[in-house]
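When you get a sec, could you build the whole thing from the sequences and use the hints?
So you can see what is in the structure, the chains are spelled out below.
2 protein chains.
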Amino acid sequence: MSTIKFSIEKELNKELGGETAKLGRAGILETPHGIIETPAFVSVGTKATVKALTPEQILDTGAQVVLANTYHLYLEPGDERIKKFGGLHKFMNWSGPLMTDSGGFQVFSLGAAYGKELSKIIKITDPSQMITERSLDSEMPRLAKIGADGVSFRSHHDGSLHYITPEKSIEIQHNLGADIIFAFDECTSPTEDYRYQEEALERTHRWAERSLEHHQKLVHASVLKNTSMGKVGPALFGIVQGGREKSLRKRSAEFIGNLDFDGFGIGGSFAKEDMETVVRWVNEILPKDKPRHLLGIGEPEDLFMGVENGVDLFDCVAPTRNGRGGTLYTHRGKINVRNAEYREDTGSLDPECNCTVCKNYSRAYLCHLYRAHEMLGGTLGSIHNLYFIINLVKCMRESILNGNFEEFKKDFLSKYLFHQTT
Amino acid sequence: MSTIKFSIEKELNKELGGETAKLGRAGILETPHGIIETPAFVSVGTKATVKALTPEQILDTGAQVVLANTYHLYLEPGDERIKKFGGLHKFMNWSGPLMTDSGGFQVFSLGAAYGKELSKIIKITDPSQMITERSLDSEMPRLAKIGADGVSFRSHHDGSLHYITPEKSIEIQHNLGADIIFAFDECTSPTEDYRYQEEALERTHRWAERSLEHHQKLVHASVLKNTSMGKVGPALFGIVQGGREKSLRKRSAEFIGNLDFDGFGIGGSFAKEDMETVVRWVNEILPKDKPRHLLGIGEPEDLFMGVENGVDLFDCVAPTRNGRGGTLYTHRGKINVRNAEYREDTGSLDPECNCTVCKNYSRAYLCHLYRAHEMLGGTLGSIHNLYFIINLVKCMRESILNGNFEEFKKDFLSKYLFHQTT
Numbered sequence: 349m350s351t352i353k354f355s356i357e358k359e360l361n362k363e364l365g366g367e368t369a370k371l372g373r374a375g376i377l378e379t380p381h382g383i384i385e386t387p388a389f390v391s392v393g394t395k396a397t398v399k400a401l402t403p404e405q406i407l408d409t410g411a412q413v414v415l416a417n418t419y420h421l422y423l424e425p426g427d428e429r430i431k432k433f434g435g436l437h438k439f440m441n442w443s444g445p446l447m448t449d450s451g452g453f454q455v456f457s458l459g460a461a462y463g464k465e466l467s468k469i470i471k472i473t474d475p476s477q478m479i480t481e482r483s484l485d486s487e488m489p490r491l492a493k494i495g496a497d498g499v500s501f502r503s504h505h506d507g508s509l510h511y512i513t514p515e516k517s518i519e520i521q522h523n524l525g526a527d528i529i530f531a532f533d534e535c536t537s538p539t540e541d542y543r544y545q546e547e548a549l550e551r552t553h554r555w556a557e558r559s560l561e562h563h564q565k566l567v568h569a570s571v572l573k574n575t576s577m578g579k580v581g582p583a584l585f586g587i588v589q590g591g592r593e594k595s596l597r598k599r600s601a602e603f604i605g606n607l608d609f610d611g612f613g614i615g616g617s618f619a620k621e622d623m624e625t626v627v628r629w630v631n632e633i634l635p636k637d638k639p640r641h642l643l644g645i646g647e648p649e650d651l652f653m654g655v656e657n658g659v660d661l662f663d664c665v666a667p668t669r670n671g672r673g674g675t676l677y678t679h680r681g682k683i684n685v686r687n688a689e690y691r692e693d694t695g696s697l698d699p700e701c702n703c704t705v706c707k708n709y710s711r712a713y714l715c716h717l718y719r720a721h722e723m724l725g726g727t728l729g730s731i732h733n734l735y736f737i738i739n740l741v742k743c744m745r746e747s748i749l750n751g752n753f754e755e756f757k758k759d760f761l762s763k764y765l766f767h768q769t770t
Numbered sequence: 349m350s351t352i353k354f355s356i357e358k359e360l361n362k363e364l365g366g367e368t369a370k371l372g373r374a375g376i377l378e379t380p381h382g383i384i385e386t387p388a389f390v391s392v393g394t395k396a397t398v399k400a401l402t403p404e405q406i407l408d409t410g411a412q413v414v415l416a417n418t419y420h421l422y423l424e425p426g427d428e429r430i431k432k433f434g435g436l437h438k439f440m441n442w443s444g445p446l447m448t449d450s451g452g453f454q455v456f457s458l459g460a461a462y463g464k465e466l467s468k469i470i471k472i473t474d475p476s477q478m479i480t481e482r483s484l485d486s487e488m489p490r491l492a493k494i495g496a497d498g499v500s501f502r503s504h505h506d507g508s509l510h511y512i513t514p515e516k517s518i519e520i521q522h523n524l525g526a527d528i529i530f531a532f533d534e535c536t537s538p539t540e541d542y543r544y545q546e547e548a549l550e551r552t553h554r555w556a557e558r559s560l561e562h563h564q565k566l567v568h569a570s571v572l573k574n575t576s577m578g579k580v581g582p583a584l585f586g587i588v589q590g591g592r593e594k595s596l597r598k599r600s601a602e603f604i605g606n607l608d609f610d611g612f613g614i615g616g617s618f619a620k621e622d623m624e625t626v627v628r629w630v631n632e633i634l635p636k637d638k639p640r641h642l643l644g645i646g647e648p649e650d651l652f653m654g655v656e657n658g659v660d661l662f663d664c665v666a667p668t669r670n671g672r673g674g675t676l677y678t679h680r681g682k683i684n685v686r687n688a689e690y691r692e693d694t695g696s697l698d699p700e701c702n703c704t705v706c707k708n709y710s711r712a713y714l715c716h717l718y719r720a721h722e723m724l725g726g727t728l729g730s731i732h733n734l735y736f737i738i739n740l741v742k743c744m745r746e747s748i749l750n751g752n753f754e755e756f757k758k759d760f761l762s763k764y765l766f767h768q769t770t
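The listed protein sequences derive, respectively, from chains L and B.
Residue numbering for the first sequence is 349 to 770, as defined by my numbering.
Residue numbering for the second sequence is 349 to 770, as defined by my numbering.
Just so you know, these hints were derived from the structure itself, not from any lab.
One or more of the hints may lead you astray.
Copies of the same chain look alike in the list, so a pair counts if it works inside one copy or between any two.
Listed next, the in silico DSS-like pairs over lysine-lysine satisfying Cα-Cα at most 27 Å (straight line) [claimed, not checked]: (1) Lys-763 x Lys-707; (2) Lys-399 x Lys-707; (3) Lys-620 x Lys-763; (4) Lys-432 x Lys-707; (5) Lys-438 x Lys-707; (6) Lys-573 x Lys-431; (7) Lys-438 x Lys-682.
Written as structure tokens, this is what we have:
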């Protein structure tokens, strides 16, 4: 018995068949903490806070749901502590739907890269050595060790040693108490060879089964404890991996899709040009009646790609990270409002945007805040960027419901990408 | 014709005479951008932003008025630019009453201390050399030079050279366009000798006359330009100086109090034990029917002292600076919520406080935010601290109106200071 319910309101263009048919759909995802209208962009609240924003400000961006990071919260302040406080909703004062990721991605990137900054694309120095032991920096070997059972890694905070298994990841996530949680997986780099991708995928599949089994055990125990027999425990999403390999992605979608998950994540560190084919291969196979979440993706052009290929949920740190740095989305492409050219610009950041920042502040004021290192710059930039991206996906949803998705996409991207590249 | 109107609603204990009489009063200060109920704490928005807070959040703290810093805004983004944008209210999206200081304090502290961090107490290495040239660091001489006409100083940003006269300060402040502005003054250190204090005071008095004269000229020119003959230009407050010397403070209160200012600032870098006598000397002389602002003071015990000795307005960076660092006010004294002891504390920050932070978050969550270097910590800490201090002064006002100021003071300070010092 799932604690969430997903229903499809309208499909993008069901009437077209075969290669021409788009997989996109508009739906409603009901969770114990409220409804998510899909497709939707999920705001990232890594350490139990969407950086620089209060919950009221998060709501003002139009956010319906927040995703927190299991890896970070396990290390600090600790999932047991958050459980003792009544769970993540109460701890962070967010009463809407909440998700946590599995921690897999961070274990392999941050944990393995203790002391280093890494982008989502994991850099492998010597792939031949990477079968059971992955070092992301030749000077710092053995920080993340993969065994059949789980992964040992060192904290990126203090170098302390930790061991995460699928069961442990599920336990941590049950302690955190989000509405939707993810199975533990291994996120591979696109630079890995086929042999490693296949081995990692088999591991991810075994971990998926073990995650599911342990989740069901915890839910069952929780049901027995509750006299009301209500729906207890979070919903669990399985994660499809397989790198850029068509055969592996299809195998993964079939395997994960056949397990009794409540929804699915599509994981991986993508090269941009691979993303569309991968998403399409996977979503043609995954059961249509369950929600799909494309993990870690959030640039406008990628969101259009995902939505038309059947993705219901997205999350990405880009809007808030960019927002703190002064790189702000506009309908005419991204700009860095910190640049000297904006010091005299009395205009609003994006005249086509209805957010509170665009309605109340000039580019010059924003420019001043960033140049003066004022925290308000990061706050206003994050509010705007989140509103922009969340609202963009909302407009995609509207356009699916109104039957003009293609038109909306063409109209938006022609302006956005034209200015973006010139 | 003043653009503000001040009326006294009730005096603390008028019936008592002589030494026993307290000078405190509750009043209403009307400005072109709204009413300030006094006594009131003024939030500091140094660089056209109350650090870490949106204008909506500033309002939520109960703030009635914001004070921005002339020195900072003159250097960056520039007063001419802000004028071009329609003034500070519009630039920073604050529609309530606004003040700017004269820049004097910062010219002598920040400007003179280019590359150094200084507290409000200015450190003088060799007072004998300080008559016309002040160096706050023996390795960085001649950064601020005082002449009869004004002060030349170097920007604390980039070391560029600037020259500020009383006329220039008034012009900058007219460009910024606040409701209440201050005359240019020299803020001396309490460590200076009598001879220097007297010389500086004479300079401050001459500068006060010149500030007033130039202000009236600008207002007159502005009136002539306006066909509507409405009230134009800001109100101007003169500043009383004189260090810790009774004769100088009294001379200054008489001199400044007799000039046609709309209100008065009481300036100076005080030793804590001198503050009460200084404020009392001054306020016994200043005209009762005009508002008085004690500059740069904001700790609870000092606010009580100021209020009962006839101060109507206060400003201080302490609530926001402390808030960003995790030092938070409570009815049981200040605590640093970042300390490890609060990691397990499920209680609210201050159960006696009604602010949004105390109602919605645990000490443990705040502790987590500060320890994780999350910007939200500084935001929530600033909201709470401002609410706490603003509300404390509001309660003092209420207690004057209700006739129980002494009781309220005793009750509050007995708990606050007891826990503060143990």
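Comparing the hints with the structure gives:
In the homo-oligomer, the alpha carbons of Lys-763 and Lys-707 lie at most 27 Å apart inside one protomer (21 Å), although the nearest pairing across protomers, at 45 Å, exceeds that limit. In this homomeric assembly, Lys-399 and Lys-707 come within 27 Å of each other (Cα to Cα) both inside a single copy, at 22 Å, and across copies, at 21 Å. Proximity of Lys-620 to Lys-763 under the C-alpha cut-off of 27 Å is restricted to the intra-copy arrangement: shortest distance 20 Å within a copy versus 61 Å between copies. Taking the closest pair of Cα atoms, Lys-432 and Lys-707 come within 27 Å of each other only across two copies (19 Å); inside a single copy the shortest separation is 42 Å, beyond that limit.
In this assembly of identical chains, the alpha carbons of Lys-438 and Lys-707 lie at most 27 Å apart only when taken from different copies (12 Å versus 32 Å within one copy). Taking the shortest Cα distances, Lys-573 and Lys-431 sit within 27 Å of each other inside one copy (16 Å), while across copies they are farther apart (67 Å). Taking the shortest alpha-carbon separations for Lys-438 and Lys-682, only the inter-copy value of 25 Å comes in at or below 27 Å, while the best intra-copy value is 35 Å.
When each numbered hint is compared with the structure, no violation occurs for any of them.
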